[in-house]
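Since the structure of chain A is already known, use the hints to place chain B on it.
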Amino acid sequence: MIRPEEIKMSAEENGKWGLVIDQDICTGCQACVAACAMENNISFVGEVDAGYGRSMHWIRIERFWEGEYPEVKMTPNQPMLCQQCGHATCEPVCPAFATVHSQAEQLNLQVYNRCVGTRYCANNCPYQVRAFNWRDYQRPEPLPNQLNPDVTVRRMGVMEKCTFCIQRIHKAQDKAKAEGREVVDGEFTTACAQACPANAIVFGRVDDPESLVSQLSHRGHGVKHLEELGTLPNVTYFKGG
Amino acid sequence: MSDKFSRRDFLKLAGVGAATTAILTGCGPASRYVKREPYMLMPEYNYNGQSTYYATTCRECAAGCGLVVRTSQGRAIKTEGNANNPLNLGKTCARGQATLHGLYNPDRVTDPIKRTRGAAAGTTVAWDDAIQTVADALKNNKPEEIAFLMGTTSDHLFDLLTDLSAQAGINAPVRFGALSMFEARATLSKAAENLFGEAGMPFFDVGGAQVVISFGANFLETWLSPVPYTRGFAGLREGQTKKRGTFIQFEARMSSTAAKADEWLPIRPGTEALVALAIGRLASELRGGPLPRVFAEVDTAAAADAAGVKLTALEHIAEIFAASAGVLAIPGGSALGQSNGLAVAEAVLALNAVADNFGKAGGVFFSGLAPSQTEYQRPASAMEMQDFIQNMTDGKYKVLFVHGVNPVFELPASSGFKAALKGVEQVISFASFPDETALEADFVFPDHHALESWGYQRVVTGSAQPVLSGSQPVVSPFYNTRATVDVLIAAAQLAGGKFAEAMPFKDEVEFLRSKVAPLMSEADGFFSAADLNTFMAYFQQYGGWWKTTDGRTAPNAADVFNRELDASEAEFAGEGEFFFVPFVSPTLAEAGANKPWLQELPDPTTTVMWNTWVEINPETAHELGLEDDDVVKIISEAGELEVPVYRYPAIRPDTIAMPFGQGHTAYGQYAAGRGSNPADLLGQHFNEAGDLAFAGMKVKIEKTGKKQPLSRMESIMGVYGVGLGEEH
Chain A
10 MIRPEEIKMS
20 AEENGKWGLV
30 IDQDICTGCQ
40 ACVAACAMEN
50 NISFVGEVDA
60 GYGRSMHWIR
70 IERFWEGEYP
80 EVKMTPNQPM
90 LCQQCGHATC
100 EPVCPAFATV
110 HSQAEQLNLQ
120 VYNRCVGTRY
130 CANNCPYQVR
140 AFNWRDYQRP
150 EPLPNQLNPD
160 VTVRRMGVME
170 KCTFCIQRIH
180 KAQDKAKAEG
190 REVVDGEFTT
200 ACAQACPANA
210 IVFGRVDDPE
220 SLVSQLSHRG
230 HGVKHLEELG
240 TLPNVTYFKG
250 G
Chain B
9 MSDKFSRRDF
19 LKLAGVGAAT
29 TAILTGCGPA
39 SRYVKREPYM
49 LMPEYNYNGQ
59 STYYATTCRE
69 CAAGCGLVVR
79 TSQGRAIKTE
89 GNANNPLNLG
99 KTCARGQATL
109 HGLYNPDRVT
119 DPIKRTRGAA
129 AGTTVAWDDA
139 IQTVADALKN
149 NKPEEIAFLM
159 GTTSDHLFDL
169 LTDLSAQAGI
179 NAPVRFGALS
189 MFEARATLSK
199 AAENLFGEAG
209 MPFFDVGGAQ
219 VVISFGANFL
229 ETWLSPVPYT
239 RGFAGLREGQ
249 TKKRGTFIQF
259 EARMSSTAAK
269 ADEWLPIRPG
279 TEALVALAIG
289 RLASELRGGP
299 LPRVFAEVDT
309 AAAADAAGVK
319 LTALEHIAEI
329 FAASAGVLAI
339 PGGSALGQSN
349 GLAVAEAVLA
359 LNAVADNFGK
369 AGGVFFSGLA
379 PSQTEYQRPA
389 SAMEMQDFIQ
399 NMTDGKYKVL
409 FVHGVNPVFE
419 LPASSGFKAA
429 LKGVEQVISF
439 ASFPDETALE
449 ADFVFPDHHA
459 LESWGYQRVV
469 TGSAQPVLSG
479 SQPVVSPFYN
489 TRATVDVLIA
499 AAQLAGGKFA
509 EAMPFKDEVE
519 FLRSKVAPLM
529 SEADGFFSAA
539 DLNTFMAYFQ
549 QYGGWWKTTD
559 GRTAPNAADV
569 FNRELDASEA
579 EFAGEGEFFF
589 VPFVSPTLAE
599 AGANKPWLQE
609 LPDPTTTVMW
619 NTWVEINPET
629 AHELGLEDDD
639 VVKIISEAGE
649 LEVPVYRYPA
659 IRPDTIAMPF
669 GQGHTAYGQY
679 AAGRGSNPAD
689 LLGQHFNEAG
699 DLAFAGMKVK
709 IEKTGKKQPL
719 SRMESIMGVY
729 GVGLGEEH
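Going down the list, the sequences are from chains A and B. Counting in the numbering used here, the first sequence runs without a single skipped number right up to 250 at its last residue. Counting in the numbering used here, the second sequence runs without a single skipped number right up to 736 at its last residue.
Keep in mind that the hints are not guaranteed to be accurate.
Okay, the calculated beta carbon distance ranges per label pair [claimed, not checked]: (1) Q224/A x G297/B: 41 to 49 Å; (2) H234/A x D567/B: 34 to 42 Å; (3) G82/B x R128/A: 32 to 40 Å; (4) T170/B x H234/A: 40 to 48 Å; (5) Y121/A x Q549/B: 57 to 65 Å; (6) P717/B x Y121/A: 50 to 58 Å; (7) L299/B x E196/A: 55 to 63 Å.
In silico BS3-like pairs for lysine-lysine, Cα to Cα no more than 27 Å straight-line [to be verified]: (8) K251/B x K82/A; (9) K248/A x K708/B; (10) K318/B x K233/A.
Hints were generated in silico from the structure; no laboratory data involved. Glycine residues also receive a C-beta, built at the ideal position from the N, C-alpha and C atoms.
Looking at chain A on its own, in the form it has when it is part of the complex (with noise of 0.2 Å):
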């Protein structure tokens, strides 16, 4: 068994990952969260369930009213997901450890064979972006086959999250410490950020003062959700308009 103090614990070495938002020019088109269900392999769960705010959207893109007719504006399209806080409120809530901190890669995990369902975390969560297997949604036959095998299938009474698809970070860093580099700025990017058509979604290394991320986030008029609940959240806005 490797022992906790074994591990590299460097968040320099091992790479912190963040991602930029701009909702000037979010269209609200939804490729990013058809890409993120294309990708990590989230269920849908049918009309009715989605009417009791059951679906299992790991992002989705919020929009309020301001003003009334015929003054009214809809305000930035939003899009929502898992901010992979530095300081979750998530995490200290679990009695089994499945939402856990991953020094390594500076990102919420969420252990599906740990979780028992029961769903502090959710209700922990200050950005509503937690979404639980309420039944095991079926998928029939042959949909099955377009299952990502990088990607665990949950089932019933399992919570499940964005994880800035891990499965490639990992895939990236293999293959980048087989070549014996670093992984580079660029040389891959989450499932949305890759569909998105207007660019509105940026993902990279945030510890990498170099990468298009840091210096986007860096940017004056950048916003954090929720900054003052001291969440330290990984994911920058920039508000529309």
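Here is chain B on its own, set in the frame of chain A:
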């Protein structure tokens, strides 16, 4: 096992054990170097755990975006955009992502079937019998009695049928799609012809503009080619070398495109031409110089009054117009689907003359013709479809082949397509899914899914470079389906005579090579090769062939200012008090309803999933005593339907709107019996270019007293700042 002994150590030891065994059995020293292969050898290009990637082309709409599909052990796992393809540069829309739910859809047609029209089931037949049936249909009917109705994808099939029609005398294939109907493609091309003396598909360089003024063009949703237009919009907003561009939208209902606008002006439907000319006049006056004749007649105050906006609002837009370089005006969507749609298109295109942007960055171009294309071709307009349907009714067609389109659903019920099928002796569908038209067919000979198919698609617009996007199978066919081109080639050879002469090909791939081969001698290709095998290998590897040069041309705008344009308002059919605006669902479009993940995508503006709704202004709803989820009956002169209410804060009080995409009676378990189809309300009224006046109806609303809850994403987040959980 001690805790020092990890699983990895165990595997290492086990490996040593195996090698040791080999030595001990005395096979000699060489056996130490025996390479151990995986026990299950995959095909030559496939290893366990390793993905293989194939470039192909998306067929969810006719835009022709390039895809790269990740496959693993013979299964398609994920679609991504093809970064090489100049049209979409590695990006996709939601429908492109969900194309895998079409490939592995549980409701596909698995075998060729013979069926009774209208019945649910059919009997499976062998492909040899199927091909004999097609051959008999070709041979036993006069050439002019054979008709092909095609969708807007599968250009290689279109080329094959065009050749067949030229050489064997059968009717030329007719193409139609609901998307092109709602895009009013015929109107755009006719307006360009009237103003510039040349028919073609206009290209609007949104990315290079500084101010974009759109009249109903929903270019961030489904209009023409949404992926490159979305990229253009991003360029408008965050240009590297310029300040953030401004976007203004005139539209009675705030679409998800208009939701991104800085200014949304809900003008009265039917007054778009008037408003465009008024803005042209105001902007010309501000810019000084002689007033162009085209704008001289319009009374700006009367125009503002008719449109239901203040004159100051139009003056404000005109000031932005006059003060900026790089203004671009775009006509589209429901503004063109009215009785005066052609006049709207001309008036809005004429606005660009004030900005003098023709053929300049951020302006209006003609889209370049795709490689191997000699003239602009557009799908049939709804009026041309009327002629086709009349021929069916009159029994002029003895056999009708249908591929890639579902006209029973996509054409308004009032077109009479379904009834006209009775006038056709034999209907043969090539549908991959049991759609409404396939149910009315005598035979269904299913084509492969797009990801199992060869082919190519010409890029009509969206890319500056001329592009031919290429398709290749990324997985072997999952079911007992067969490529329609292969079926037609085999049947033509069986039919003999002129048919066999027209189709001297071994199979689909040989036909494809014959069509791609001429590109080898074309200049400016981004790759070239000396022999056809190498060229085809590159064609497959890169997912098509495109030029490195800009194929767009500048319209000849010399005469635009001196024209007289019709500024009269649109006429609306029907008695009701509400303008009726059907719009294409941005997530489902015309054929997405059978893909469960597309159903579960929230609509970008209302966040409704899995259903149809009617959007009514909250004030109007209050006056009528309607709440959310109340089912109302909507009555037009052409029909009526029942649909739940969504109180939509950004729509004119005298207008209601409905998404098109649901309301299937067949098309698989995820589509059938879900929602309603606004096309059922549309009458047969056309604009001067022959496009359907789909936004030219007035309708009545009646309460039914029923309720039907809509599933929406927003209910968990609250509306109007209502806190989480307060209402639900």
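Against the structure, the hints:
{"no.": "1", "hint": "Q224/A x G297/B: 41 to 49 Å", "verdict": "holds, 45 Å"}
{"no.": "2", "hint": "H234/A x D567/B: 34 to 42 Å", "verdict": "violated, 54 Å"}
{"no.": "3", "hint": "G82/B x R128/A: 32 to 40 Å", "verdict": "holds, 38 Å"}
{"no.": "4", "hint": "T170/B x H234/A: 40 to 48 Å", "verdict": "violated, 55 Å"}
{"no.": "5", "hint": "Y121/A x Q549/B: 57 to 65 Å", "verdict": "violated, 38 Å"}
{"no.": "6", "hint": "P717/B x Y121/A: 50 to 58 Å", "verdict": "violated, 32 Å"}
{"no.": "7", "hint": "L299/B x E196/A: 55 to 63 Å", "verdict": "holds, 58 Å"}
{"no.": "8", "hint": "K251/B x K82/A", "verdict": "holds, 22 Å"}
{"no.": "9", "hint": "K248/A x K708/B", "verdict": "violated, 41 Å"}
{"no.": "10", "hint": "K318/B x K233/A", "verdict": "violated, 40 Å"}
This entry does not satisfy hints 2, 4, 5, 6, 9 and 10, going by the numbered hints stated previously.
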